[in-house]
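Enquirer: What follows is the residue order along each chain.
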Amino acid sequence: MTILDIRVLLVWSIVSIVVAPCFLVTVDAQETRPWGIERVHAQCVWDKNNDTAVDEGANAGQYTGSNENVTVAIIDTGVNSSHPDLQDNIIGGRRFYQEESSHIVHDDADYGDVDGHGTAVAGIVAAVDNDDGVIGTAPRVQIFIMKLYKQSQYEAAAAINYAVEHNCKIISISFGWPTNITELFFACQNAYNNNVFIVAAAGNDNKTNDIDYPAKYDNYVLAVGATNQNDSRWTNPEIGYGSDMGPELNLMAPGEGINTTALDGGYGNFDMTSAATPHVAGVVALMWAGRVDDDWDGLNLGEWNVCELYSKLVNKTLDLGQPGRDDEFGEGLVNAWRACQVPEGDLDDSFNVDLFDIVIVARAFGSQPNESEWNPLANINIDEYIDIFDIVIVAANFGKVDQP
Amino acid sequence: MSSSKRSIFPHFRRTLLLVSVLIVALVAATFAYLTSLPPSIGPRASIISDPVEFSIEMDKTDFEKDENVSVRVSLKNISNRTVTLKWGKYHSPEGQTICFDFHVLDVNNSLIYHFSQLHGALLSSKTIVLNASQLWVNYFRWYQEFDYPQDLVKVPAGVYSIVGLTNRVGLTIGNETRIVELETPSITIRIR
Chain G
37 MTILDIRVLL
47 VWSIVSIVVA
57 PCFLVTVDAQ
67 ETRPWGIERV
77 HAQCVWDKNN
87 DTAVDEGANA
97 GQYTGSNENV
107 TVAIIDTGVN
117 SSHPDLQDNI
127 IGGRRFYQEE
137 SSHIVHDDAD
147 YGDVDGHGTA
157 VAGIVAAVDN
167 DDGVIGTAPR
177 VQIFIMKLYK
187 QSQYEAAAAI
197 NYAVEHNCKI
207 ISISFGWPTN
217 ITELFFACQN
227 AYNNNVFIVA
237 AAGNDNKTND
247 IDYPAKYDNY
257 VLAVGATNQN
267 DSRWTNPEIG
277 YGSDMGPELN
287 LMAPGEGINT
297 TALDGGYGNF
307 DMTSAATPHV
317 AGVVALMWAG
327 RVDDDWDGLN
337 LGEWNVCELY
347 SKLVNKTLDL
357 GQPGRDDEFG
367 EGLVNAWRAC
377 QVPEGDLDDS
387 FNVDLFDIVI
397 VARAFGSQPN
407 ESEWNPLANI
417 NIDEYIDIFD
427 IVIVAANFGK
437 VDQP
Chain F
285 MSSSKRSIFP
295 HFRRTLLLVS
305 VLIVALVAAT
315 FAYLTSLPPS
325 IGPRASIISD
335 PVEFSIEMDK
345 TDFEKDENVS
355 VRVSLKNISN
365 RTVTLKWGKY
375 HSPEGQTICF
385 DFHVLDVNNS
395 LIYHFSQLHG
405 ALLSSKTIVL
415 NASQLWVNYF
425 RWYQEFDYPQ
435 DLVKVPAGVY
445 SIVGLTNRVG
455 LTIGNETRIV
465 ELETPSITIR
475 IR
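Chains G and F supply the protein sequences, listed in that same order. Under the working numbering, think of the first position of the first sequence as 37, with each following residue one higher. Under the working numbering, think of the first position of the second sequence as 285, with each following residue one higher.
The shape of chain G in the complex, shown without the other chains:
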């Protein structure tokens, strides 16, 4: 060992002893990224430099416009509107309550949560970037809270109609009903016709051909199932529940042990298809807030519509289970990063797919998470291995330019 080596070792030891504990002390006060956010690679959309903060200014790329014009309506049990990780993104809310022995539904401003379910869902969609607690899938999206008091389908239908009338672009529903009523069906159809994207939970009964309503309305609602940290369909044999399957199932998203906002103002774990659904709602919000992809702008109007968003979203998933679509996993695991690239393969947000994008993948080629060369931006197909398939995605789009 040379004198230089000894000096380097000495300096390193001092740094380790003095500096490292400082970082350890600050861990509690730092913001954590729930595993679900990382698994769908949402952070690649808003934190390209991987500094754990939402990119600002020149770094922000297509996320510059933030999500100020995109509102997600959350139909649930209400929200703790003073939660420090939510209050900045909540723009209002309503409570819907059905009259006794009547189909008439009224609404008022009492959208406070007493259960905690709605507060947990809201955190997965939109927990803010504030150096504390957790961060949501779309940390700058606006959320509008819609509380169902008696939790009837009539209240749900009224809430959907209200969201449509008040310019919400996305509706997240982590409720499920076993039966169909025409009012709910027509509300979902009306939302689709008015360019409002509804995402709903598939259900937890661990059954085949058993998707709950409204997720079962195949043409108008995107049905979301839940996965665990191994990308398997979430099941819990000990209690006899699991993510429901069926021909109407569209996508999967993380739904096991998701750290999110809690009713008491703190944080806790949340699970099942209720947790999976807001991940997808957040990804749709990121897509809607980003640039329009010419390759998917079928009507060529220069703006997204629900049909185009749906088509791109389900085509850019990580296929799970049987090759192609199947009733257990739908089209596969939602992939925020690939769904939001405009054009696809533009990893550095330079508005075109060029040699620099190839270099990003090439430098990380062959790496896996926790290896030094690993770069999540290069893991385009989110299969946790940077390989020829990621190179092919960039190569296939090489030369594409986003036309403003």
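Worth flagging that the hints you see were computed from the coordinates, not collected in a lab. A quick note: this is a predicted structure, and the numbers were derived from the prediction, not measured. Beta carbons are placed, not taken as given, at the ideal position from N, Cα and C, and that holds for glycine. Hints are supplied without guarantee of correctness; some may be wrong.
Unchecked claim - Not the full set, but computed from the structure, chain G residues with beta-carbon under 7 Å of chain F:
hint	residue
1	GLN134
2	SER137
3	ASP151
4	THR215
5	GLY276
Stated by the list, open to error - In silico lysine to aspartate or glutamate, EDC-like type, Cα no more than 20 Å apart, as pairs:
hint	chain 1	residue 1	chain 2	residue 2
6	F	LYS349	G	GLU136
7	G	LYS243	G	ASP363
8	G	LYS243	F	GLU465
9	G	LYS84	G	ASP419
10	G	LYS186	F	ASP431
11	F	LYS360	F	GLU460
12	G	LYS436	G	ASP390
13	G	LYS186	F	GLU378
14	F	LYS410	G	ASP143
15	G	LYS243	G	ASP267
16	F	LYS438	G	ASP419
17	G	LYS243	G	ASP254
18	G	LYS186	F	GLU429
19	G	LYS186	F	ASP385
20	G	LYS186	F	ASP435
21	F	LYS370	F	GLU460
22	G	LYS186	G	GLU219
23	F	LYS410	G	ASP363
24	F	LYS438	F	ASP390
25	G	LYS186	G	ASP143
26	F	LYS360	F	ASP385
27	G	LYS243	G	GLU367
28	F	LYS349	F	GLU460
29	F	LYS370	G	GLU274
30	F	LYS438	G	GLU367
31	F	LYS438	F	ASP350
32	G	LYS84	G	ASP300
Assemble the complex: chain G is given as a structure, and chain F must be docked to it using the hints.
Expert: Here is chain F on its own, set in the frame of chain G:
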């Protein structure tokens, strides 16, 4: 005249005082007697599946038409150890956490009302911990209406059976977890 007035008045005041004392004593004695009686118990049906007792209770069995029917469904830990119950979905109407369920059958044993058909399930887990001898109750109301799609139509007068359901639940005691799905015996009610 004036002397007779003087003689009557003291008697009247004394009598009034005596009557007042008697009334107060009578009210107090009646109250004490009524409170000493055991509370009136309505119909109750239960099933024991060690380590729990699952029950359905009501206030009465005869109801007028349009009268709301109150149903209490409860689960009691009858062991001396802690029992943990975990459901994969639950309800939260009007702020009450509901994991149990109930249904109503007509005289032909046809299902005419099922609580969970009309109320949306929250699709995440719910855990309830019951210490030794602890009871957990869910309160329901039935408005004498049919289930979907006739959900505002009142059922006709007649005899109906009401059954409490745990729904599928993982029951843990010690290190052992098993899936439990209990159904109470039915309570028969009459709607006039």
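Enquirer: Confirm or reject each hint.
Expert: These are the hints, each one checked on the structure:
no.: 1; hint: GLN134; in the structure: violated, 10 Å
no.: 2; hint: SER137; in the structure: holds, 5 Å
no.: 3; hint: ASP151; in the structure: holds, 4 Å
no.: 4; hint: THR215; in the structure: holds, 5 Å
no.: 5; hint: GLY276; in the structure: holds, 4 Å
no.: 6; hint: F/LYS349 with G/GLU136; in the structure: holds, 16 Å
no.: 7; hint: G/LYS243 with G/ASP363; in the structure: holds, 11 Å
no.: 8; hint: G/LYS243 with F/GLU465; in the structure: holds, 16 Å
no.: 9; hint: G/LYS84 with G/ASP419; in the structure: holds, 18 Å
no.: 10; hint: G/LYS186 with F/ASP431; in the structure: holds, 15 Å
no.: 11; hint: F/LYS360 with F/GLU460; in the structure: holds, 18 Å
no.: 12; hint: G/LYS436 with G/ASP390; in the structure: holds, 8 Å
no.: 13; hint: G/LYS186 with F/GLU378; in the structure: holds, 6 Å
no.: 14; hint: F/LYS410 with G/ASP143; in the structure: violated, 28 Å
no.: 15; hint: G/LYS243 with G/ASP267; in the structure: holds, 19 Å
no.: 16; hint: F/LYS438 with G/ASP419; in the structure: violated, 56 Å
no.: 17; hint: G/LYS243 with G/ASP254; in the structure: holds, 18 Å
no.: 18; hint: G/LYS186 with F/GLU429; in the structure: holds, 16 Å
no.: 19; hint: G/LYS186 with F/ASP385; in the structure: holds, 15 Å
no.: 20; hint: G/LYS186 with F/ASP435; in the structure: holds, 14 Å
no.: 21; hint: F/LYS370 with F/GLU460; in the structure: holds, 13 Å
no.: 22; hint: G/LYS186 with G/GLU219; in the structure: holds, 16 Å
no.: 23; hint: F/LYS410 with G/ASP363; in the structure: violated, 27 Å
no.: 24; hint: F/LYS438 with F/ASP390; in the structure: holds, 13 Å
no.: 25; hint: G/LYS186 with G/ASP143; in the structure: holds, 12 Å
no.: 26; hint: F/LYS360 with F/ASP385; in the structure: holds, 16 Å
no.: 27; hint: G/LYS243 with G/GLU367; in the structure: holds, 18 Å
no.: 28; hint: F/LYS349 with F/GLU460; in the structure: violated, 47 Å
no.: 29; hint: F/LYS370 with G/GLU274; in the structure: holds, 9 Å
no.: 30; hint: F/LYS438 with G/GLU367; in the structure: violated, 44 Å
no.: 31; hint: F/LYS438 with F/ASP350; in the structure: holds, 8 Å
no.: 32; hint: G/LYS84 with G/ASP300; in the structure: violated, 32 Å
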